[in-house]
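Peer 1: Chains as they are written, first to last, in full-length UniProt numbering: chain A, 1 to 235; chain B, 1 to 552.
No lab work stands behind these hints, which were simulated from the structure alone. Treat each hint with caution, since some may be false.
Simulated pairs of lysine-lysine, DSS-like, Cα-Cα distance not exceeding 25 Å [stated by the list, open to error]: (1) K351/B with K84/A; (2) K156/B with K215/A; (3) K209/A with K156/B; (4) K181/A with K84/A; (5) K507/B with K478/B; (6) K54/B with K84/A; (7) K120/A with K53/A; (8) K351/B with K362/B; (9) K429/B with K362/B; (10) K450/B with K351/B; (11) K209/A with K120/A; (12) K450/B with K362/B; (13) K120/A with K199/B; (14) K156/B with K120/A.
Owing to the predicted nature of the structure, the values given are computational and were not obtained by experimental measurement.
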Amino acid sequence: MSSNNPRQSIHDSTAPSTDTRDSRIGEGVDDRFNSKLREAFGASPFILTKFDKFLNWVRGNSMFMLQFGIACCSIEMIHTYAIKHDLDRFGAGVPRASPRQADVMIVPGTIVSKFGPRMKRVYDQMPEPKFVVGMGSCTISGGPFQEGYNVVKGAEEIIPIDIHVPGCPPRPEALIYGVAKLQERIQNGESSPVVVKPYELEQFGDLPKDELVQKLANDIDEDDLVMRYNWADSP
Amino acid sequence: MSTELERQQRPVEVTEGELEALIGDRALARDDHLNAPGFVVRPDDVQAVLTDLKEQAGFDHLSCLTAQQYEDRYESIYHMKKYADPTQEVSIVVPTSIDDPVSQSAEPVFRTADWHEREAFDLVGIDYEGHPDPRRILLPETWQGHPLSLDYDQEKPQIVTLSEHANPIQPDHHDAESDTMFLNIGPHHPATHGVLHVKTVLDGETVVDIDPDIGYLHRCEEQMCQQGTYRHQIMPYPDRWDYVSAGLLNEWAYARAAEDLADIEVPEYAQIIRTMGAELCRIASHMLALGTFALDVYGDFTAVFQYAFRDREVVQDILEDLTGQRLMFNYFRLGGVAWDLPEPREEFIAKTRDFLDELPAKVDEYNDLITGNEIFQVRCTNTGVLEPETAKDYGCTGPVARGSGVDYDLRRDDPYGYYENLDWDVITKDGCDNYARVLCRMQEVEESAKIIEQCLDLLEDWPEDDRTVQANVPRTLKPDADAEIYRAVEGAKGELGIYIRSDGTDKPARFKIRSPCYHNLSALEEMCEGEYIPDLIASLGSLDIVLGEVDR
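Only chain A is shown next, with the shape it has when bound in the complex (with noise of 0.2 Å):
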């Protein structure tokens, strides 16, 4: 039987099929170049399924996380990471330091003034498909910072988020949770909502020219990169 005739049914043995095995390199020999998924499907080496369907699986499955520490929650994503939980267990436990190699960014801690720029850049640093889990109450409004001066009200003011786990901090069970939840959304296609972000990093000379600005005109280049807080407007 040849597999350009896709079969309706299996008659006979479904053991796995091994004659063009045997006959190039002998008989007898053990079955271990075949694998058990081969064995599960026949001698058929075809698995049907749709491609963006299995691109999500395996997305959902191989999940590269950032690096990324910023403050008390950290401390518990160390925890999930390392022995004990081990987040490797469920697909996503390798730490990736560069975000050019990550997938996934945890986002774990407060977001103040001057670290929001440097999130936004190490944002999009990260390649297409990209997924943030927002680790803790901070990313979430602030958390018990919220009416700081320097605080920004929630990571999603930023940038997109997906899962938020909340917390301060969340237990690494939480946030094992909130990453299976993840890969579940992943798996089945669901990505995030793009938001529309208060906060978006502009060149300075594209900032319309009110008080502030011309204030500022003399210190900072024309090229570079702002982000503009408006606290009054921010939950």
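Chain A is fixed; fit chain B onto it per the hints.
Peer 2: Chain B alone, transformed into the frame defined by chain A:
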């Protein structure tokens, strides 16, 4: 190596009369604080007075500088202590006018005043005349206004820049032969322990100049504490300064300052629980320092790092049983702790004892893996050298100072809690290098274990009808108006001090945090200039900074 628990010799106490005579006419008035005599001096006498205090009266530790604004004036308070005896304190109060807040810089006298004064300028807006580097330090350069001044409008928009491809190499760094290069380390970098940005100028592989750029985690902790009420709303924040499980140590800093301010007695039983919890935190914190240091110097993510986290997990489990949280404990209350040991007590005590019993074997394992490792020794000895006098000048405390042979530990020298009744040693090392600091931390873990052991013995046998965990503290706490206090405890990283000024309401009028990491980090340039770039990373690791506490 030291020591008896009681400090062997303390310098002779300088009496208030002698201080008065020393400062003489330069003292405009007295402004005593609850912890120390205070002298008001003119803004242009700062250097002279501080020099006299340092050289003639032995006040060689500028512990903290608090800047604040009143309705009618600005004020800088220099809190001074002695490394040889931190119970001897004096405050120098320097008022400046509201229209022209210019004060003389103390930087020529104490190197540590550099960062103190930059912070005071940044957050409060006092200018320091003669300061070598008057820039903002925590907030972005482009920030408008000074957030802890009274007329600051928090609603105003702000612009923050991110300049790229800037070429910060000055022409004077260039010449035809040298291969100077500029290197940005951080703020997103695995070796910076958080969001630190080190601007580094290299000549080949040698570090020529570094400029730590901090403030990427400036979470307005002082503002948050000034908005909270003494009784309950402030206590959760200390956990988040030094967030490496050192929560209880930080809570103690606030508890100690507020209890002394409001004159609250803590029951003995609660003191023992506090001491035990705090030392558990110290072990967890030092374990992380050890693991990340191994990660920094030889990329050891698999063995030492994971072992350190294995042990941290055990400590965190114990602390969770005790306090209900793994990291942000919020367990101390003014006048005691939140609750007694968890029931069944025997189980908790047995679990903690199990941990302590296993600890020596684990410490041996660490010694085999790290400190006994020849490669590690070669890598760490004689790198990142910090001489004792330099350490004092930069206000270094904690294991960083003790690794440089500065015998200074507030648990013994300025006793609080139950430490003075227990038998333990202060570890000091004379190596002054990265190796000495690591060794110091490792041995402190063993000392902490000794303390916990003794606390457990006491707790086990404590009579059941005398287990008072909290003193009777009024629900709304309003300390006397204009009372000022500065109190410090020995945190995991060093001297963690709190200054509180009360204005008669239930919230502090000024809450200032003296962070040990902040000043330890300021010494980094002394440690690594002229060294190789990998030694810069090792030195940074051996300082064991936590950016939450650096930036507050």
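Peer 1: Given the proposed pairing of K450/B with K362/B, does the C-alpha separation stay at or below 25 Å?
Peer 2: holds, 15 Å
Peer 1: Is K156/B within 25 Å of K215/A, Cα to Cα?
Peer 2: Satisfied, since the Cα-Cα distance of roughly 14 Å is no more than 25 Å.
Peer 1: Between the alpha carbons of K507/B and K478/B, is the straight-line distance 25 Å or under?
Peer 2: Cα-Cα ~8 Å, so holds.
Peer 1: Is the straight-line distance between the alpha-carbon of K181/A and that of K84/A 25 Å or less?
Peer 2: holds, 20 Å
Peer 1: Take a quick look at whether K209/A and K156/B sit within 25 Å of each other, Cα to Cα.
Peer 2: With a Cα-Cα distance of about 16 Å, the restraint between K209/A and K156/B holds, given a limit of 25 Å.
Peer 1: Can you confirm whether the C-alpha distance between K209/A and K120/A stays at or below 25 Å?
Peer 2: holds, 24 Å
Peer 1: Run the distance test for K450/B versus K351/B: straight-line Cα separation, threshold 25 Å.
Peer 2: The given pair, whose Cα atoms are some 16 Å apart, holds under the 25 Å limit.
Peer 1: Is the Cα-Cα distance between K429/B and K362/B 25 Å or less?
Peer 2: Answer holds: K429/B to K362/B is near 22 Å, not above 25 Å.
Peer 1: Sort out whether K120/A lies within 25 Å of K156/B, counting only the CA atoms.
Peer 2: holds, 22 Å
Peer 1: Is the straight-line distance between the alpha-carbon of K351/B and that of K84/A 25 Å or less?
Peer 2: Holds, at about 18 Å.
Peer 1: Take the C-alpha atoms of K120/A and K199/B, compute the straight-line distance between them, and say whether it is at most 25 Å.
Peer 2: Given that 25 Å is the threshold and the Cα spacing comes to 20 Å, the pair holds.
Peer 1: Quick one, are K120/A and K53/A close enough, alpha carbons at most 25 Å?
Peer 2: violated, 30 Å
When each numbered hint is compared with the structure, violations occur for hints 6 and 7.
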